[in-house]
Amino acid sequence: MKKTFTINISGTVFHIEEDAYEVLQKYLIKLKNHFGPGEEGKEILADIEARIAEIFIENSTGSQKVVSIEMVNSAIEIMGSPEDFEQEESNEGATETETEETKRQRRLYRDPDHRVIGGVCGGLGAYFNMDPVILRIIFVALLFITGGAAFLAYIILWIAVPKAKNTAQRLEMRGQEATVKNIEKSIKEEVGEMKENFKKMKDSETYAKGKRGIDAAGDVAYSGIKVLLRIAVIVIGVLLIISGFLGLLGFISSMVVGHSFVQGWPMIWSPEVQVPGFLNHFVNPGTVTFGLIAVGILAGIPLLAMLFIGTKLVFRYKTNNTAIGLTMVGVWLIALFSLIVVSVSQLGNYKSRSSVTESKIISCDLCQTLVLNLGEDKYADYAKMDFEIENLKVAVVDGEEVLLGHVNLDIEKSGNEDFAILIKKASRGRDRENAKEVSESIIYRFEQKDSTLFFDPYFILGKGEKYRGQEVSITIKVPEGKAVYLNEDLVKIIHEIDNVSNTWDGDMVGKTWVMKPEGLTLKEE
Amino acid sequence: MNNKSEKIPKMKIENAKAQMRKGVLEYCILLVLDGKPLYASDIISGLKEAKMIVVEGTLYPLLTRLKNTGFLTYRWEESTQGPPRKYYELTDSGRKFLGELEESWGELVEAVAKVRLKKA
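If you're matching them up, the sequences are chains A and B in order. So the first sequence is numbered by the numbering used here: it starts at 1 and just counts up by one. So the second sequence is numbered by the numbering used here: it starts at 1 and just counts up by one.
If you're looking for bench data, these hints aren't it; they were derived computationally from the structure. There could be a bad hint or two in this list.
[Unchecked claim] In silico DSSO-like cross-links for lysine-lysine, where the CA-CA straight-line distance does not exceed 30 Å:
| # | chain 1 | residue 1 | chain 2 | residue 2 |
| --- | --- | --- | --- | --- |
| 1 | A | K26 | B | K22 |
| 2 | A | K26 | B | K36 |
| 3 | B | K96 | A | K26 |
| 4 | B | K48 | A | K42 |
| 5 | A | K65 | A | K163 |
| 6 | A | K393 | B | K86 |
| 7 | B | K119 | A | K42 |
| 8 | B | K86 | A | K42 |
| 9 | B | K36 | A | K42 |
| 10 | A | K42 | B | K118 |
| 11 | A | K30 | B | K51 |
| 12 | B | K22 | A | K30 |
| 13 | A | K42 | B | K22 |
| 14 | B | K22 | A | K165 |
| 15 | A | K30 | B | K86 |
| 16 | A | K360 | A | K413 |
| 17 | B | K114 | A | K42 |
| 18 | A | K30 | B | K67 |
| 19 | A | K65 | B | K86 |
| 20 | A | K65 | B | K48 |
| 21 | A | K26 | B | K51 |
| 22 | A | K30 | B | K36 |
[Said to hold, decoys possible] In silico negatives: residues of chain B with every beta carbon more than 10 Å from chain A:
| # | residue |
| --- | --- |
| 23 | C28 |
| 24 | L30 |
| 25 | D34 |
| 26 | E56 |
| 27 | R65 |
| 28 | V109 |
[Stated by the list, open to error] Some chain B residues judged to face chain A by a derived CB distance under 8 Å, without partners named:
| # | residue |
| --- | --- |
| 29 | V55 |
| 30 | T58 |
| 31 | Y60 |
| 32 | T64 |
| 33 | K86 |
C-beta atoms are modelled at their ideal positions from N, C-alpha and C, and glycine is treated no differently.
So that you can see chain B by itself, here it is in the shape it has in the complex:
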């Protein structure tokens, strides 16, 4: 088993990981924002700790896209250090969307668990 996994090209593993992360990244962003408005750095530090993102640049297009879809909204807040910050928060439709995502994530986890259990 071990020998085999070593032969899998590194690119492929990275790619698969990225694919998996990609699917749940939007869900995670909404999850982090659930309850309290945050600005980009806070969102990033939350996701970075959980190793959900590798580079920060990934986040900004996603935030913008979620905002343009109407799931997020933002407001400017003055900062004591540096430029004013963009604080993102969930909209009503964003919360609804998050609820749906949570449901399907639950189903997904359950499904994976079932498949594993059956194999074992």
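Bound-form chain A, shown alone:
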């Protein structure tokens, strides 16, 4: 039993056995290489294909046009190999094909005949003259190393790289000499051309100065620019591929995995923040997912475009640029629009502001001086990230994330004879009611030991609460004639306490201050 393909040669449909197909394809590639890619070469090839079709029809028995390997071999014998023609062709013809040969270049296609999924590895294999199996193994390895980014790259190539549909494309896919060598060769040739032009210019200067020399100088400049351009195009293409791929890699990993693989790479953007976790402190998880998809598209499409343009510059494959470009721009705009809508709706959560105030009388009739001290920083060792947005801090305690905010301490004159502490918790919310609820959920603690007060440096957001611009301000009410001592540590939470001498916060600590009718005054020792 033999597998057969259905092929169309010059308008006639044949069933061809697999081995016969391989031989025929190789033969046609050889011919195509021999005759070159020009109009003439294409015409000759079309004529030869027509003749091969005729030979197949003559040799096939019955109504079934099944082509066997014997039939292909006998057809090739009748038509002859390129080596046979070379002997019989005129010398002019030989040089003609030679110059054409240097212009031929390989293009990247997906190989529909050697495919497992989309034919990308098969096509790359043809392009690099490698066994696709090796590429597939590399791809699977990359899949594990990059955690899925390689899969995305595969999808991009699947979409972007066209399938080799007809014979001509299949020929372009493999036939010609390979890549780096080829590029090097063509660059060398152009350098040679440039040298020749330069020589021509020098010669012409000795013979006739003036116009001819200028023309030749133009030629030299032109070839020089051409060489530079080609090198530049390849360099730019490779850079685009590398940065696009690494950018995507870093981007995806920060979106999904939570840390960037590519932190060490200097040239690319490598966020160290786990974006989803980070955003969860601000908005609901559902919105986060939706917003992240939008952000992913917003940032991902330019990176994809980089990758796409880069591979196009290097591999020169043909695509429907308008369609791909318009799709990319369209999807990008939709993502932008959705993100704006989501952001605006999220902003609604910050619309109203409200606060609750608790006050506590300090029952310390005897004490003349109240010592204000900073409580122990329980979260110093837990601080997860070194970032602050509007005094927000994240710590992980026993596997749970705790959101912390800095408090603010002020000192004012009391209206009565008692020390008092006012703790004002404020927040924003959808409406005043919501803002008040959020405010009430804020947890803040301070401790009293005799005449000493210990203030926690942070307040904690209620469990499951999102950041809504919460604030806690502490006001110490000091009755006239009594004093407070500000401990050195307190500098962290005090902020511009009014006093008669206009002393800076930093200079106020470590001293005792007396409340006098005119205001807080430094106690004279």
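Got chain A; can you put chain B on it based on the hints?
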């Protein structure tokens, strides 16, 4: 004599033959086409019988080149079996060219004959 000719490498004989054929192949193609339009297979069978060509692939580049120079033109004709066929025919300039080739071929044959006669 015989011993000597045996020592000539086969490649060289083939090469010389090919060189000779090459020179007159265009002339022969035009000759075959003189008078009536033919399609590639007819031209080939004519030339193959006369052992002017060994492999058919040689013919197509020549036909295309002659056509591009303007000596030949072609038209498509439907065929009862298989795809439509390309029928080649001589153009006016092709006929003129053929006339010139015929003249120089005559001169060549004469020249060779003379050289042979002188030697004999």
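**Item:** Ascending list of hint numbers which this structure does not respect
**Value:** The structure breaks hints 2, 3, 6, 7, 10, 14, 17, 22, 26 and 27; every other hint is satisfied.
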